[in-house]
Amino acid sequence: MTGTLLALFVAVPLLSGGALIAIPHRTRLHQVALLTILALLTAGAVALVAATRDGTVLAHGIGAWPFGIAIPFVADTFSALMLTVTGLLSLVCAWFATLTQVGRTRYLAPTVLILVAGVNGGLLTGDIFNLFVFIEVMLLPSYALFVLAAPGRGGLRQIAGARLYITVNLLTSTLFLAGVALVYGVTGTVVLAELAGMAATDPTVAIAATVSLFALSIKAAVVPVHGWLARAYPSTSPAINALFSGLHTKVAIYAIYRIYAVMFDGDERYLWVGVVAFTLTMVIGVLGAVGESRGRTVLAFHMVSQIGYILMGVALFGPLGLTAGIFYLLHHMIVKASLFLSVGAVEVTHGTDRLGRVSGVARRDPVLAVAFFIAALSLAGIPPFSGFVAKYSLILASIDARQIAAAVAMVVVSLITLLSMLKIWSGMFWGRSEHAPDDDAAARVRPVPAAVGASGGADGTSDQAGAAPVPAARSTAAAGAVTGPATDAVVGRRVGLRLTMPALALAAITTTLGLGGEVLLSLAEVAAGNLADTTAYVEAVRGG
Amino acid sequence: MTLALTAGLLIGGAVYLFLQREMFRIVLGFILLSHGVNLILFAAGGTHRRGEPLGGDLDPDVVADPLPQAFVLTAIVIAFSITVVMLVLAVAGRREDDTHDTVPDHLDDHPGYPEDQDGAAHPQSAPATGGQVAP
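Residue numbers (our numbering), protein chains in the order written: chain R, 1 to 544; chain Z, 545 to 679.
Derived by calculation from the structure, the hints in this document are not laboratory data.
Mixed in with the good hints there might be a few duds.
Said to hold, decoys possible - Covered stretches of chain R, as calculated for chain Z (at least 3 residues, CB under 8 Å):
#, segment
1, 158-172
2, 178-187
Claimed, not checked - Some residues of chain R that are not near chain Z, with every Cβ distance over 12 Å (derived):
#, residue
3, Y143
4, A144
5, L515
Claimed, not checked - If you want the footprint, here are the derived chain Z segments under chain R, 3+ residues with CB under 8 Å:
#, segment
6, 568-578
7, 617-630
Positions of the beta carbon are idealized from the N, C-alpha and C atoms, including for glycine.
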């Protein structure tokens, strides 16, 4: 595979997304096209991993312009691994989405494809201004996806969440842009390969780059700027939530790794800031989950906590820390998406993810319970799943770097994570199986037009509406609110195998990665080597 | 210096508007903020030592740097499109605008629908379902 082909990772989804908007809507055609293209991209990313597994760096200046003028696309092992896992996750989440209500909407396929184009571009670009552009390419379809709903099924909660989501992301992007401007002002370039090591030698460049890094930390939801994530994510639909959890914050994390490795050269003077901030992120994230009573909110707080773990890899720097961090990142994306998908499958079927409202899922859907159980144990770091390999290597790395407090925090946070997972388990999967409340399912079925196009007049407010009697739609329309094989049976409704498969597939992957962790760990080691020593990266870009 | 002061003024105004209630003011704040950041981008091109690219002297060291201008152009387009999306969200479902503390009068007697899909805000409605499971 040559560097010239790298542009295809952006061009193919972008152009096909555009084409799908233009052609008339046929649900089946859109779904098949979406899944095929995502599968092709994943296959391409696997080929890219194979091409870069020995540490080769592929680079290409778009349009064959000379270095310094061209927009460089660079792929090393780290970006190839990220492309593979994001491709896989978008495939699985899109598969899940096609099984739910949002899958029948006209704009699902185009927006997901454009989102994937933005993600791929962000992972491949070697230029921080283009990183800004690709993050925007990724965010714009996300704003549409956030409020996407089947006609008549849009909830106002989605819009309220989208307001928060867009406000935070736009503010962050603007801040990032200001950082890019400052970097350009002091160095006269935005190409990472030209900026290599500059922030380590020149404090003004370091300050300018820190503005960008701070903006990326807001996107990655690092404490103390994490509050938006746990409030925004659970208000979108379950399928989209899983997709976002796998792609969005992770691009920001990837960019933090890349910028700190290349521009700062892993400067040791600033690492303590990271260690403190990321330890706090781990602890505060997991404590936030304790007080929550909705499945997806608990998971979103855990995401914050896990982001602390992942970024600890860059704060420890060194080959050991980076390897552990990269492994953790890849493991986390898979496991988190699996958890969101299994809780999402319950929510899609029963209309709520409030713990205690749905119970006994384990008895009706043992396969789904197994998928959730595996992913939950993997998240907490119990062997033989990939979470154990990830946590164990990260703890070893922090002991090696003499960050004993961080290592202790990791162990304690794991225990609290396990407790939280047990809370979801007992509140949703355990218990008597006869009870299946349809109250919340009814709350979804309101004669409200589709989210964005909603005329403002058809809305209510949450506080005032609480006092008003619930419309009669409750009992009759409840069954219509849900997708899934057993829509007619209100009591003892089953999730069914179809909705279970996506979560189960990802749970199988985390088990495989746990048992055969050596393969991925050695790839992560190569990726970490490229980050620790950026000469190969710089030379590939200069030569390409 | 003029650019720096103007950018500061715009961003200060943006922060003031962000702290106000109502989505529409926040959108206005974002318009100011993106202008402020665009001016920072312009200033990054070294406007204090470069002039207009007019006349015979086209020495690249003294004529305006085109790259930040291309950046600004890109940023303007992006900010514009997101502003449109935000305005839509300010209008759609404005009764449930949680950045707004009062409900407009003309909407007050509209028959509302329960908004919270979880039923969290409806302690009264919980017993109606039978209440077999304690929340």
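Chain R covers the segment 568-578 of chain Z, three or more CB atoms within 8 Å, holds or violated: It holds, with 4 qualifying residues against the three required.
Stated coverage of the segment 158-172 of chain R by chain Z [criterion: 3+ residues, CB within 8 Å]: This one holds; 8 residues, not fewer than the three required, reach chain Z with a Cβ under 8 Å.
Minimum Cβ-Cβ distance from A144 (chain R) to chain Z exceeds 12 Å: With a cut-off of 12 Å, A144 (chain R) comes too close to chain Z, as the shortest Cβ separation is near 8 Å.
Assertion that chain R covers the segment 617-630 of chain Z - criterion: three or more residues, beta-carbon distance below 8 Å: holds (count 8)
Coverage claim, chain Z over the segment 178-187 of chain R, checked by counting residues with Cβ within 8 Å (three needed): holds (count 6)
12 Å Cβ clearance of L515 (chain R) from chain Z: Holds: least Cβ distance 38 Å, greater than 12 Å.
Check on Y143 (chain R) being off the interface with chain Z, judged by Cβ distance over 12 Å: It is violated; Y143 (chain R) is separated from chain Z by about 5 Å at its closest Cβ, not greater than 12 Å.
In this structure, the hints that do not hold are numbers 3 and 4, in rising order.
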